[in-house]
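Chain by chain, the residues run as shown.
There are 2 protein chains.
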Amino acid sequence: MIVEILTTGTELLLGQIVNTNAPYLAQQLNKLGFDVLYQTTIGDNRERMSSVLIQALSRADLVITSGGLGPTQGDITKEVSAQVFNRKLVLHEPSKAKIKCFFAERHAAMPESNLRQAMIPEGAVILNNERGTAPGVIIENNGKTLINLPGPPHELEFMFEQYVAPYLKGKYGVQGAIVSRVLRTYGLGESMLEEKIKDLILAQKNPTIALLARKGEVVIRLTARGETELEANQLIAELAETITPRISEYLFGIDDDNMEFVVGQNLLSNKLSLALAESCTGGLVSSRLTDIPGSSSYLQGSVVCYSNDVKVQDIGVANEILLQHGAVSEQTAIAMAAGIRRKFSTDIGVGVTGIAGPGGATADKPVGLVYIAIDGPAGPKCYKNHFEGQRTEIKFRSSQEALDTIRRYVRDLTLLGG
Amino acid sequence: MIVEILTTGTELLLGQIVNTNAPYLAQQLNKLGFDVLYQTTIGDNRERMSSVLIQALSRADLVITSGGLGPTQGDITKEVSAQVFNRKLVLHEPSKAKIKCFFAERHAAMPESNLRQAMIPEGAVILNNERGTAPGVIIENNGKTLINLPGPPHELEFMFEQYVAPYLKGKYGVQGAIVSRVLRTYGLGESMLEEKIKDLILAQKNPTIALLARKGEVVIRLTARGETELEANQLIAELAETITPRISEYLFGIDDDNMEFVVGQNLLSNKLSLALAESCTGGLVSSRLTDIPGSSSYLQGSVVCYSNDVKVQDIGVANEILLQHGAVSEQTAIAMAAGIRRKFSTDIGVGVTGIAGPGGATADKPVGLVYIAIDGPAGPKCYKNHFEGQRTEIKFRSSQEALDTIRRYVRDLTLLGG
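One line per chain: the protein sequences are A and B, in this order. If you read the first sequence in my numbering, its first letter stands for residue 1, the second for the next number, and so on. If you read the second sequence in my numbering, its first letter stands for residue 1, the second for the next number, and so on.
None of these hints come from the bench; they were simulated from the model. Treat the numbers as computed from the prediction; the structure is a model and nothing was measured. Careful, some of the hints might be misleading.
To be verified - Capping the alpha-carbon separation at 27 angstroms, the derived lysine-lysine pairs in DSSO-like fashion look like this:
| # | chain 1 | residue 1 | chain 2 | residue 2 |
| --- | --- | --- | --- | --- |
| 1 | A | K96 | B | K198 |
| 2 | A | K100 | B | K205 |
| 3 | B | K196 | A | K198 |
| 4 | A | K196 | B | K98 |
| 5 | A | K98 | B | K144 |
| 6 | B | K98 | A | K98 |
| 7 | A | K215 | B | K215 |
| 8 | B | K215 | A | K196 |
| 9 | A | K198 | B | K100 |
| 10 | B | K98 | A | K198 |
| 11 | B | K343 | A | K343 |
| 12 | A | K100 | B | K96 |
| 13 | A | K100 | B | K198 |
| 14 | B | K100 | A | K215 |
| 15 | B | K196 | A | K96 |
| 16 | B | K198 | A | K215 |
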């Protein structure tokens, strides 16, 4: 059962937006046991969309498109799909009624163009759009299936989960399962991490093993095929059990456990509270921590102390320290960590101070120099870091290192039985 | 001159990462006047990569690949490319020396596998990788050109700018230019925005006009072709002049001017300082503002006041207000804005309090309810908002609305001559 994902939209070809529908669909289809072997992006051009669609239907059994179902003149996916399958477009009254109602509820005039969304290829299965106005469609012909989904990710994702996944399970039955497990590591480069599991990589069959450097981490992806999801998961568990001891120093999470989630879990299970004084990261560490539901249990508060005045008056960093060592220094970082911990009466305080760039460097303090300090039951510790990249990259890398610093500090506390 | 972009990597097909190389390459190629008509993603499978590469070379004149040049066993792009062009892989001594040196500098042992990166298709042009170890290659044959670039975005982007762009200009000369201008709007839905320029959309030839709903905004993309970039830009300027008055209420920026940049510019040019008290956004608004270099000129500091204690003790919100109205209320938001403004002695103070979800809702305060208050020379204002989506979506939408609130407040100040 071969699948091709066809993401449509000239904005994709022009590089105006990043394609998130393709990775989403790929992950969901894999869970159902479908092999996504091709992903193609095409623009809002009838001839090329038609030719790419025909090609997709020749090399895949199931083709899923995203985009081009909206009300504007550039939305041509259903028209092209209908033409490729030699079907007329007919008006779907319930969709028309729903669209009119959408506008009426918002006390807004409905532009007539919106009714284009209610035109459906004759004989198609209609997928209700709970999050928007454009319905999706499924066209089946001669063993080939084409599914048109809306472009906006939240609309597509809800429609897939509610209607497409059950449809595929019902129509194709259980395909076996392809399951991926991602081991997420931080602190060691890609090729050196590979060295630790080289023998396993060379011997791989099922599961397969692949390394991938991503933003702020290096992941090891284990992918297994099985008759059932259970079987595939068991194959993965066995291999993971072999790999984990070799990389335990660097392994921080599995699958969707990002660093902020893992740190939150550690703080929560150890009943530790946290406060942060952020200078160069400007609120990013706090924002990442608060992406996790329930973070109010451990994050008491933070201060973004961008100016020296705020460092002195609000965090309690001694003016002498700033005068003698500068805002970007080990001493200031430690004073920030101790100060914010005292201020919010938390178990742990973290201070981050550095030069995010592009300006701000001096002769002995380059862009990317970032001190991360942490204070808590095991006393203060400070780490000097050199990060590379643009301003937002340095901010992110600093935030990842700060979170990992908290993770390791809490881990060491628990090892000490503290 | 037709271009196909071929992004390689099973991690892309599995949906493990989001494809940023494709949009980057597309934008850069457009600037040089090349039409990117196809984008394909393929995994680390020799047969399929070979077949997709052959197809790309048949329908495009220039094919650019990303990924698969690294040291691991899954990196097969050069091997497949060489085989498609019937060339041997030969060792490039300078690349080998550079790779050895890279490890020596870091006092790390070099895994032998790294030398795979120094194998080059015979006769290929070699592109130095200033940001990593894997060189890129250009293979030319019979009017077709294939360029292999490394996968990591910062490596690919630097190599493209330094070597590929000059190479393409030199080899193909001036292709004419395709220029896109993006008008960024906030505050009006996609179809209602389209209504305002419907006549222009129906009449479009060159430039073309397309609307696109993106995260936190709706953009109008104008794309023009011209003999030169100057000519294309002139066509766009004329059309933009017609469109702008119709949407001026909602237009906040052009091209890369994101909301945080625009707000920063407005604060800077009016010499206004800002402080924020963030509850449900958890530092995101501050972090976005500090993504902009030079933001320390206007952002004095922020407090992430997650708990009520911090709201009272650090921001100065009266306990009675919290008891009577709750943390998520107009009164608390206004007190937060006034309090943080007073605390950091800034011209403007902003308070954001709401329910990011998924928990925390009550009978009369649902998830997504967010109050945004702003205090400054024109006095306090508060806005009640209802945002939809997951926790991180509500946080982002709140941050976008907060930034737009600052933008409008400052704009109105200057209109008043304040």
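| query | For the pair supplied as a hint, K98 of chain B and K98 of chain A, is the alpha-carbon distance within the 27 angstroms limit? | reply | With Cα atoms ~63 angstroms apart, K98 of chain B and K98 of chain A exceed 27 angstroms; violated.
| Is K100 of chain B within 27 angstroms of K215 of chain A, Cα to Cα? | Roughly 25 angstroms separates the two Cα atoms, so the pair holds.
| task | Sort out whether K198 of chain B lies within 27 angstroms of K100 of chain A, counting only the CA atoms. | result | This hinted pair holds, its Cα atoms lying about 19 angstroms apart.
| request: Quickly compare the C-alpha distance for K215 of chain B and K196 of chain A to 27 angstroms and report which way the hint goes. | output: violated (40 angstroms)
| query | CA of K96 of chain A to CA of K198 of chain B, is that 27 angstroms or under? | reply | holds (21 angstroms)
| Would the pair K100 of chain A and K205 of chain B pass a check requiring their Cα atoms to be no farther apart than 27 angstroms? | violated (31 angstroms)
| task | Mind checking the alpha carbons of K343 of chain B and K343 of chain A for me, to see if they're no more than 27 angstroms apart? | result | holds (15 angstroms)
| field | Straight-line alpha-carbon gap K100 of chain A to K96 of chain B, limit 27 angstroms | value | The given pair, whose Cα atoms are some 66 angstroms apart, is violated under the 27 angstroms limit.
| request: Sort out whether K198 of chain A lies within 27 angstroms of K98 of chain B, counting only the CA atoms. | output: holds (23 angstroms)
| query | Regarding the pair K196 of chain B and K198 of chain A, is the alpha-carbon distance no greater than 27 angstroms? | reply | violated (60 angstroms)
| said: Run the distance test for K215 of chain A versus K215 of chain B: straight-line Cα separation, threshold 27 angstroms. | reply: holds (20 angstroms)
| Would the pair K98 of chain A and K144 of chain B pass a check requiring their Cα atoms to be no farther apart than 27 angstroms? | violated (51 angstroms)
Consistency note: the structure conflicts with the earlier hints numbered 2, 3, 5, 6, 8, 12 and 16.
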